[in-house]
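Student: Listed here are the chains, written in short residue letters.
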Amino acid sequence: MSFTTTEGTVGMGLKRVSASKPPAEVKIYDKLAILVDVSSCIGCKACEAACAQWHDLKPPLLSEEQAPVGYQSYPDLMPSIFMMMKFNEAETEKGITWFITKYQCMHCGDPGCLKACPSPGAIIQYQNGIVDFDHSKCIGCKYCLSGCPFNIPRYDANNKPWKCNFCVDRVSAGLEPACVKTCPTNCLHFGTKEEMLYKAQKIVAQLKQRGFENASIYDPPGVGGTGYIYVLPHGDKPEMYGLPKEASISPLVSLWKGPLKLIGSIVLWGSLLGAFLQLILFGPIKVGKKEKKEE
Amino acid sequence: MEDVKKLEELEVERFSAFERVIHWLVAVSFLYLFLSGLGIYSPKFSWLLTVLGGKEFSSWLHPIAGIVYFVGVILMFLKWAKDFVLSAEDIAWLKGVKHYIMGKEEKLPEAGKYNAGQKLFGWIVFLGSAVFLISGIVMWFPESFSLGLVRLAIILHEIAFIVVGAGFIVHVYMGTIGVPGSLSGMITGKVSALWAMAHHPKWFKQIIGGK
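Protein chains in written order, with our numbering: chain A, 1 to 295; chain B, 1 to 211.
Honestly, I wouldn't trust all of these hints.
[To be verified] Computed far set for chain A versus chain B, every beta-carbon distance over 10 angstroms:
1) A49
2) S63
3) G95
4) C138
5) K142
6) V168
7) Q206
8) E213
9) I217
10) A247
11) V267
12) S271
[Said to hold, decoys possible] With a Cα cut of at most 27 angstroms, we get these calculated DSS-like pairs of lysine-lysine:
13) K104(B) <-> K261(A)
14) K6(B) <-> K202(B)
15) K142(A) <-> K245(A)
16) K107(B) <-> K286(A)
17) K286(A) <-> K113(B)
18) K98(B) <-> K31(A)
19) K286(A) <-> K44(B)
20) K94(A) <-> K202(B)
21) K160(A) <-> K44(B)
22) K137(A) <-> K257(A)
23) K261(A) <-> K44(B)
If you are wondering where the hints come from, they were derived from the structure by calculation, not from laboratory data. Virtual Cβ for every residue (Gly too), placed ideally from N, Cα, C.
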């Protein structure tokens, strides 16, 4: 297995998995990441506004019954809401603590949506790690919902899924994503994954000095690492931030895309082969053979 | 010699017009479901969706064709389920199925209107279709169910597809080239008396006796 590069729609290398060897000269793209330092987030939700503005999204005005109680702008992601801040309050050893998280597509290294998708080219993973949807190739089967470990894609009335695309248009033009650009506290950082991990480690070390012993980096290995990484002051309780503790593609999805598919191929091709072998070894089951022989 | 020729020319009715209509309703809708399902099942067969009217269109039509198919299967069930009850003789027939495959049908217990293999395929279709329907509805509206349930439904839909799909391949083979003379039963509704006598002797005796 090797990775080769071709020019993608926005001039970036598509990550392609191929059985043949890569050509000698392949441009290598750095993996990109956004670091969310939760410890310096003030919950201002400027990133939400920047996201909606850049992507030209018009989220619906919610009725009083639908509107969430508390600080959240919305109860959940929607086709017209690619990211939102989640707020959660709980009692910890440090007293009442506010758990704030930026909630959007994580841009997994091994994306479950891509694994589940049956339509070639409908979900694209660029070499820099960005996972994007191409609606022109999407067949609307909604398998990506089952594949995603973070419950992210949202289908619109046209049966097309929407999610954060890491501002792929901005990034390919050398700009930082809209949410990072607007963040007033430097809670959001953008750069190569290597740099972001280095920065995250430094922040974690500082937090530990300040008494957050469980501070840690959220970069779940179960999905091959993510394009969004988090510094969580209470790293022992990621679920309080709305992040799954052990994020991984559901074993049911792996079963469906792996062993079961192999069994299916064997059984279906096998029954075709079996019918053919019956035909050439024993011949059609004809009538009147006995009677004719007796004459 | 004369007798055999006579029997070959003599036709007996096997399937009524109603039976033929529901058979082909199910057959055509299943063929569409089988091919479009393959396209939705694997990226390798994605081109089938293009052939069937466009990728978005055929994956949109798939669940609707499924409803048509299921209505046909319900009618089939009402019409045929009682005829498909497996008897002790049928079990003996299934155990000795290798003789049938090798063309030595006479070594097996005499079959009635439907042999044990046909009955078994009937039950595969009935049970498989129930799984298709229930799992299919969950997959059609995944946002209305829990993700775990949707993932399970996909697995069940796939297992039903493998089992019914294999049965379908064998059924089409046997109905056309595998057992010559069968296809007319589903087209004109009539088969030759010789065919009936050889493959379904018990049934043949019943209709002769009834005459």
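Student: Against this structure, judge whether each hint is valid.
Tutor: Now for the hints, and whether the structure bears them out:
Taking the minimum C-beta to C-beta distance to chain B, about 27 angstroms, the non-interface status of A49(A) holds against the 10 angstroms cut. The Cβ of S63(A) lies farther than 10 angstroms from every Cβ of chain B, with a closest approach of about 20 angstroms, so its non-interface assignment holds. No beta-carbon of chain B is positioned within 10 angstroms of the beta-carbon of G95(A); the least distance is around 35 angstroms. Distance to chain B contradicts C138(A) as a non-interface residue, since its nearest Cβ pair spans about 8 angstroms, not more than 10 angstroms.
Annotated as non-interface, K142(A) brings its C-beta within 10 angstroms of a C-beta of chain B; the closest such distance is 5 angstroms. Under the 10 angstroms C-beta cut-off, the non-interface status given to V168(A) relative to chain B holds; the minimum distance is some 22 angstroms. A cut-off of 10 angstroms between C-beta atoms confirms that Q206(A) is not in contact with chain B; the least separation is 37 angstroms. Here E213(A) stays apart from chain B, with its beta-carbon at least about 34 angstroms from theirs, past the 10 angstroms limit.
Against chain B, the non-interface label of I217(A) holds: every CB pair exceeds 10 angstroms, the least being about 26 angstroms. A cut-off of 10 angstroms between C-beta atoms confirms that A247(A) is not in contact with chain B; the least separation is 13 angstroms. In this structure V267(A) is not separated from chain B by more than 10 angstroms, as the shortest Cβ-Cβ distance comes to only about 5 angstroms. Consistency note on S271(A): stated as away from chain B, yet its beta-carbon is not over 10 angstroms from all of that chain's, at 4 angstroms minimum.
The straight-line distance between the Cα atoms of K104(B) and K261(A) is roughly 35 angstroms, outside the 27 angstroms bound, and the hint therefore fails. Of the supplied pair hints, the one linking K6(B) and K202(B) holds, its CA atoms being roughly 20 angstroms apart against a limit of 27 angstroms. Restraint check: the Cα-Cα separation between K142(A) and K245(A) comes to about 25 angstroms, which is no more than 27 angstroms; the hinted pair holds. With a CA separation close to 15 angstroms, the supplied pair K107(B) and K286(A) stays within the 27 angstroms bound.
Between the alpha carbons of K286(A) and K113(B) the distance comes to roughly 17 angstroms, so the proposed pair stays at or under 27 angstroms and holds. Between K98(B) and K31(A), the direct Cα distance comes to roughly 59 angstroms. Violation of the 27 angstroms bound is thereby established for this hinted pair. In summary, the hint linking K286(A) to K44(B) is not supported, as the alpha carbons are separated by about 37 angstroms, beyond the 27 angstroms threshold. Only pairs whose Cα atoms come within 27 angstroms are accepted, and K94(A) paired with K202(B) is rejected, the gap being roughly 84 angstroms.
A C-alpha spacing of about 22 angstroms is found between K160(A) and K44(B), which places the hinted pair at or below 27 angstroms, so the restraint holds. For the suggested pair K137(A) and K257(A), the alpha carbons sit about 20 angstroms apart, so the restraint of at most 27 angstroms is met. Using a Cα cut-off of 27 angstroms, the hinted pair K261(A) and K44(B) holds, with the two alpha carbons roughly 12 angstroms apart.
The earlier numbered hints that this structure contradicts are 4, 5, 11, 12, 13, 18, 19 and 20.
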